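Enquirer: Residue numbers (my numbering), protein chains in the order written: chain G, 1 to 237; chain D, 1001 to 1237; chain X, 2001 to 2218; chain F, 3001 to 3218.
If you're looking for bench data, these hints aren't it; they were derived computationally from the structure. There is no bait here: all hints are sound.
In silico DSS-like cross-links for lysine-lysine, where the CA-CA straight-line distance does not exceed 25 Å:
1. Lys2082/X to Lys1194/D
2. Lys3160/F to Lys3195/F
3. Lys1188/D to Lys3146/F
4. Lys1073/D to Lys2130/X
5. Lys135/G to Lys152/G
All values reported here derive from a predicted model rather than from experimental measurement.
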Amino acid sequence: MQINKIKKEMTEILSDVFDGSTIMVGGFGEAGSPIELLHGLIDKGTKDLTIIANNSGNGRVGLGALIGQRQVKKVICSFARSAKGVTFPELYNKGEIELEVVPQGTLAERIRAAGSGIPGFYTATGVGTPLAEGKEEKIFNGKKFILEEALKADFAFVKAETADRYGNLTYNKTARNFNPIMCMAADKSLVQVKKILEPSEMNPEHVITPGIFVQSVINIENPIIETNAIEEGMTYP
Amino acid sequence: MQINKIKKEMTEILSDVFDGSTIMVGGFGEAGSPIELLHGLIDKGTKDLTIIANNSGNGRVGLGALIGQRQVKKVICSFARSAKGVTFPELYNKGEIELEVVPQGTLAERIRAAGSGIPGFYTATGVGTPLAEGKEEKIFNGKKFILEEALKADFAFVKAETADRYGNLTYNKTARNFNPIMCMAADKSLVQVKKILEPSEMNPEHVITPGIFVQSVINIENPIIETNAIEEGMTYP
Amino acid sequence: MTNIFTNDLIKGWDRNTIASKIANDLPHSSYVNLGIGMPELVSQYIKEDREIIYHSENGLLGMGPSPNENEIDLDLINAGKKPVTILPGGSFCHHADSFSMIRGGHIDYCVLGAMEISVTGDLANWSTGKGIPAVGGAMDLVAGAKNVFVMTQHLTKEGKPKLVRECTLPLTGAGVVSRIYSDYAVLDITNDGFKVIQLNEDITIEYLRTVTDGNIYQ
Amino acid sequence: MTNIFTNDLIKGWDRNTIASKIANDLPHSSYVNLGIGMPELVSQYIKEDREIIYHSENGLLGMGPSPNENEIDLDLINAGKKPVTILPGGSFCHHADSFSMIRGGHIDYCVLGAMEISVTGDLANWSTGKGIPAVGGAMDLVAGAKNVFVMTQHLTKEGKPKLVRECTLPLTGAGVVSRIYSDYAVLDITNDGFKVIQLNEDITIEYLRTVTDGNIYQ
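Same shape as in the complex, but just chain G:
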């Protein structure tokens, strides 16, 4: 029997996602953002989600749409104030969605730590700022650091460029961003990918996310381009 992590149907790849899940969403702005998986979640109607991502969605597509559908109760991110953000500010200003702000590098390292079995680490980032409040401090070589804890998730929603049936992934340019570390930190990583390759076509030197960090893959050959979708006034559903 052969390992095959490729799913045919969106309903199948999303079948385990439950109300109240914590979901990491890859991407930095639109680059690497798994719009089709997020739309699948709108179709599924999953509720009370906690989203871990760098941003809080643009327009009314992808994460912006999911938030607009009031399926998200909390967002953990570094930058929730993007120029094209619509739905998050609407709900936030009404007090109808929670926000936890994490410095971008600390967010990345907390995610990597979760994937690497490191429950906590010390960093100088944020020391002396409001984001250090309530955090344990420790001195190393005369300098003050704060303790940050691992950030894990039930699921990672990830967008990649190529995948094989083992779940090995490559990305395109800066669409790599948070995706590889989110695959490491989630119990189950669900990946939408532009192109499926044979394992023999995947160069073992060039794999960015080894299949061990990936549970399911779905082929979305021509994903929605966020910039265009927003310009065209797209909304989902």
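Please arrange chains D, X and F on chain G, whose structure you already have, making use of the hints.
Expert: Positioned in the frame of chain G, the structure of chains D, X and F alone reads:
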């Protein structure tokens, strides 16, 4: 003016290395071990070195030779008992070289931490064993972890497959091992490489060590193959 | 229970039989790290109904069998520093990423040898307390892998039990072993002691008790 | 010293002049992260006697200028989410590796805007205390880069000093700024206060004192 990290002479690339330096030496067994750089250090006669590596040298070439020349006062490694080890056991059994044993994954993570500005992190590795003695403990979610501190170095001696003048590196197969993280953790990374490429020939998606982590590169087209050298009874100098 | 002499011993399962039992217990699609030595045999007994991915801690996922003489590449070695191959779908990574796989709980099973295993799952397999101390990746593996299987002879060469109330040798990890595959039995570590999952056909539970130091039940 | 009105103000260096001063101070072979907005101008004033490598925290080292309209790739963007290019010798990495470059002290210089800078080098540039809080990578950059340069107007739009004894806004980092490039002066943060490195030709040190809250010396 163009950045060019490529050095022509071994004496030039080693010019900054000083007596009492802490040096990370890449490689796992012979794969990725920078034998020519180590031989250069024997020629230079630098003394009182602390070596951070996975192993403690084989035969009387490379690290084995450097230790045999009594240029090393201490080795920090995970496995100092390799089948072909000669010089380290000789000195260790006479009490003439110090040894600090670190679990392999903790060694790797402490090195990566140093390169990533993380002064300390918690791990379950070693808890309840003699290697946890004297280490701070902390409970996360009811489970015990120990604090491990970053491990940095003055220099990293690294072997790679290709490099460009910016110091971007690729490796060959499992010769990658500790080399990329050691480049991150050392003040100066000195790299011997089989082949020099033009920057335009280096695919930005496939770079494993970005040039920011590399200070100097030297082209060693046909490096010594340790297995063969030991079989042939090679000694250095 | 103590000081059984080697010449009195019942001959248990051979190492190939033990390896095949372990191979049967590794589910389809598992990520597995096989320790150097006896555990390496396990890969030869994986049945066709499953695909297993082997991890070698020196940055190799999807490790294949030993190469032919003319295919040896000294840059492609396993954790035991022996030449190996990589299968399609395999990948290389650096040491920190490789141990993220281990420490982060992504390796489903590791199979290791043992000097002593205590009734609470403590494992000693890295140091006799003599010679040059060398731990390698053993402590990371037992702390990080989801399931730690031990493959071992039931008794030491001197005929002493390896399964003990308390380890006397320096530990590799405390409370880490899930299952033991010895030449005499397959046993799970439980809150109540060693639970016999399978007993060698030639021995009785009473005999097993005489060669094991610690509570055993069926 | 306080409440200088905008219409009384002397016109200082324009932003291009400030950018060229910063560009002159970045040594050959530096790794530099330029903040979104005004600091991006700096790259236009690098002289031919040096090569600078630009880092963008979203996983891009060796960032080049904006692309032509027909070369835009929405998967190749900078930290401001604008399309950019990559130069030969550049590379991509994931976010944890990108911030290892920052936090690990590998970025030689970062150039950032400011709302307030204290005489001890505290920086406030991420929050007015109102609206949706959003920090991005600013806290990591100021904590990690070897040298933190601030590029700023000397006064706020309301004509209040941005260089102050103590910041009133939420901090981005404490004691992190090394040098300030304003339209009025270039100043180093020292133990004795703001040290004037260069003064705008049109103003006096006395005038600078009236628009700065905190000790200044030459």
